[in-house]
Amino acid sequence: MGKSGVSNNIRKLRFFEDEMTQEELAKKVGVTRQTIIAIEKGKYSPSLELAFRIAYVFDSPLEEVFFYNPKNDPV
Amino acid sequence: MTFKEKNIAVSLVSFSLIMGILLVAVFSMVLSDNFTSTNVFRLWGITIVLAIVFTITATILTHIITAIIEAIRTGNEDPEIEDLEDERDKLIDLKGTRVTYVVSSIGVFLAMLTYVFGQPALVMFTLLIFVGVLAQIIGDITRLILYRRGF
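Protein sequence lines correspond, in order, to chains A and B.
Using the numbering used here, the first residue of the first sequence is number 1, and each one after it goes up by one.
Using the numbering used here, the first residue of the second sequence is number 1, and each one after it goes up by one.
Any given hint could turn out to be false.
For lysine to any residue, the following SDA-like pairs were computed, each having C-alpha atoms within a straight-line distance of at most 20 Å [stated by the list, open to error]:
hint, chain 1, residue 1, chain 2, residue 2
1, A, Lys41, A, Gln22
2, A, Lys28, B, Glu80
3, B, Lys90, B, Thr142
4, A, Lys27, B, Glu87
5, B, Lys90, A, Glu40
6, B, Lys90, A, Gly30
7, A, Lys27, B, Asp86
8, A, Lys27, B, Glu85
9, A, Lys12, A, Ala51
10, A, Lys28, B, Ile81
11, A, Lys12, A, Tyr56
12, A, Lys43, B, Lys95
13, B, Lys90, A, Ser47
14, A, Lys28, B, Glu85
15, B, Lys6, B, Val53
16, A, Lys27, B, Asp83
17, A, Lys41, B, Phe151
18, A, Lys41, A, Met20
19, B, Lys95, A, Ser45
20, B, Lys90, A, Ala26
21, A, Lys27, A, Glu40
22, A, Lys27, B, Asp89
23, B, Lys95, A, Ser47
24, A, Lys43, B, Glu5
25, A, Lys28, B, Glu82
26, A, Lys41, A, Glu24
27, A, Lys28, B, Leu84
28, A, Lys43, B, Glu87
29, A, Lys41, B, Gly150
30, B, Lys6, B, Leu17
31, B, Lys95, B, Leu84
32, B, Lys90, A, Leu50
33, A, Lys41, B, Asp86
34, A, Lys43, B, Glu85
35, A, Lys43, B, Asp86
36, B, Lys90, B, Val10
Hints are computed from structural coordinates only; laboratory data are not their basis.
Chain A on its own, in the form it takes in the complex (with noise of 0.2 Å):
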């Protein structure tokens, strides 16, 4: 996510997953479609809560689904 630092790896998760449709993956952790796009796009950072949600969907850890590359930190 350019603005924040914070990358993931959400599109090449839902591929692993069978290619798990957006739609899908909203609707399993409660969000609308956009805001899917948007997290994959790096646009909008989720709260703590929603990213322990989608790690959850992929029975992944946190860190493997979202990433901090501080290079990328305005900060």
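Start from chain A and add chain B according to the hints.
Here is chain B on its own, set in the frame of chain A:
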């Protein structure tokens, strides 16, 4: 376009319409020398009633029209409308509200300044209602931009 975005777009159109009505009413009052307290306060009442009626009607109409379009598109008689509000929607709404408050605060200050600098109180009251509607329009535009950009 999501249901929330449609709702905001309809609200934007409604408030732009109210703004148009407000401007026409004020200008016709000024031109015909009817800029009196009775007329200005009646205009306040009309604007507030219109805002409430338009907002309620717009929300109901958006729901009905979205349901009809979805039913035609999917062939399902009882279509599912995604009117779920998640954390991103709430944050966008908060940002829009913040912009609305900032614009209305500046507007109220400027309206009061006109009174301080010797304009009649009616000018201040007219500006207050004008600024209220303008702030709502700018808040809705902010929300739409945030939805279009992603956040």
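Right, here's what the structure says about each hint:
1. A/Lys41 <-> A/Gln22: holds (12 Å)
2. A/Lys28 <-> B/Glu80: holds (16 Å)
3. B/Lys90 <-> B/Thr142: holds (14 Å)
4. A/Lys27 <-> B/Glu87: Given pair lysine 27 of chain A, glutamate 87 of chain B holds - Cα atoms ~14 Å apart, limit 20 Å.
5. B/Lys90 <-> A/Glu40: Since the Cα atoms of lysine 90 of chain B and glutamate 40 of chain A sit roughly 19 Å apart, the hinted pair holds (cutoff 20 Å).
6. B/Lys90 <-> A/Gly30: Roughly 14 Å separates the two Cα atoms, so the pair holds.
7. A/Lys27 <-> B/Asp86: Judged against 20 Å, a Cα distance of about 11 Å means the pair holds.
8. A/Lys27 <-> B/Glu85: holds (12 Å)
9. A/Lys12 <-> A/Ala51: Measuring from Cα to Cα gives roughly 16 Å; hence the hint holds.
10. A/Lys28 <-> B/Ile81: Measuring from Cα to Cα gives roughly 17 Å; hence the hint holds.
11. A/Lys12 <-> A/Tyr56: Distance ~15 Å between lysine 12 of chain A and tyrosine 56 of chain A Cα, so the pair holds.
12. A/Lys43 <-> B/Lys95: holds (15 Å)
13. B/Lys90 <-> A/Ser47: holds (12 Å)
14. A/Lys28 <-> B/Glu85: Satisfied, since the Cα-Cα distance of roughly 15 Å is no more than 20 Å.
15. B/Lys6 <-> B/Val53: holds (18 Å)
16. A/Lys27 <-> B/Asp83: holds (13 Å)
17. A/Lys41 <-> B/Phe151: Within the cut-off at roughly 11 Å; holds.
18. A/Lys41 <-> A/Met20: holds (17 Å)
19. B/Lys95 <-> A/Ser45: holds (15 Å)
20. B/Lys90 <-> A/Ala26: Satisfied, since the Cα-Cα distance of roughly 16 Å is no more than 20 Å.
21. A/Lys27 <-> A/Glu40: holds (15 Å)
22. A/Lys27 <-> B/Asp89: Holds, at roughly 15 Å.
23. B/Lys95 <-> A/Ser47: Distance ~16 Å between lysine 95 of chain B and serine 47 of chain A Cα, so the pair holds.
24. A/Lys43 <-> B/Glu5: This hinted pair holds, its Cα atoms lying about 17 Å apart.
25. A/Lys28 <-> B/Glu82: holds (14 Å)
26. A/Lys41 <-> A/Glu24: Holds. Lysine 41 of chain A to glutamate 24 of chain A sits at ~17 Å (cutoff 20 Å).
27. A/Lys28 <-> B/Leu84: holds (13 Å)
28. A/Lys43 <-> B/Glu87: Status holds; Cα separation ~14 Å.
29. A/Lys41 <-> B/Gly150: Given pair lysine 41 of chain A, glycine 150 of chain B holds - Cα atoms ~9 Å apart, limit 20 Å.
30. B/Lys6 <-> B/Leu17: holds (16 Å)
31. B/Lys95 <-> B/Leu84: holds (19 Å)
32. B/Lys90 <-> A/Leu50: holds (14 Å)
33. A/Lys41 <-> B/Asp86: It holds: about 18 Å lies between the C-alpha atoms, which stays within 20 Å.
34. A/Lys43 <-> B/Glu85: holds (18 Å)
35. A/Lys43 <-> B/Asp86: holds (16 Å)
36. B/Lys90 <-> B/Val10: holds (18 Å)
Checked against the numbered hints above, the structure violates none of them.
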